[in-house]
Amino acid sequence: MRSLYAEHGRSLLAYATRLTGDRAAAEDVVQETLVRAWKHAGDLTAGKGSVRGWLLTVARNIVTDRARARAARPAEVADVEIRPPVEGDHSEAVVNTMVVMDALDRVSPEHREVLVQLYYRGRSVAEAAKELGVPPGTVKSRSYYALRALRAVMAGTEAEVAR
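Everything in the sequence shown is counted per my numbering, starting at 187 for the first residue and increasing by one.
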């Protein structure tokens with residue numbers, strides 16, 4: 187077996203690599219070919235044909251058998267991304283939204299408009315100022331006092347924040 191591998195191993199591996207397109211699969215094919223050669227040692231020494239031809243034919247048959255086996259099986263499905271289990275439900279987010287919306291209804295309309303422009307619509311101070319028709323400094327001032335008023339409303343100390 188050692189002399190067989192030493193004489194034909196490199197060419198057998200090159201042939202199997204060309205057939206499979208994958209070095210690891212080709213190594214498996216070469217190993218299986220040599221196992222079959224060991225099992226059929228009598229056929230190789232009987233003088234029928236060349237040893238190299240027999241080895242290359244066996245390797246080709248192994249590659250063909252593997253391709254047919256893959257084609258006969260249903261296609262493997264890719265692994266589905268495992269999602270972590272739901273740790274909580276969305277009810278807390280819904281309740282928080284309701285609390286904030288209720289608190290927004292309790293602040294002055296000017297404060298509410300600034301908060302909606304800045305936080306819900308994602309506008310910059312300059313964009314909010316343009317949309318509301320007020321200077322950017324006014325938007326900054328109103329947002330400061332609006333957040334204070336919103337905190338006070340949510341904390342239950344609904345003392346109206348002036349400005």
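Keep in mind that the hints were calculated from the coordinates and are not lab data. This one's a predicted model, so the numbers in the text were calculated from it and none came from an experiment. Where a beta carbon is used, it is the ideal one built from N, C-alpha and C, also for glycine. Each hint should be verified, as a subset may be incorrect.
Claimed, not checked - Pairwise CB distance ranges (calculated):
| no. | residue 1 | residue 2 | range |
| --- | --- | --- | --- |
| 1 | Met187 | Thr243 | 13 to 21 Å |
| 2 | Met287 | Pro322 | 41 to 49 Å |
| 3 | Ile268 | Gly323 | 18 to 26 Å |
| 4 | Gly323 | Asp288 | 24 to 32 Å |
| 5 | Arg259 | Asp229 | 29 to 37 Å |
| 6 | Ser189 | Asn247 | 20 to 28 Å |
| 7 | Ala253 | Ala279 | 48 to 56 Å |
| 8 | Ala200 | Gly235 | 14 to 22 Å |
Could you check the structure against the hints above and give me the numbers of any it violates, in ascending order?
2, 3
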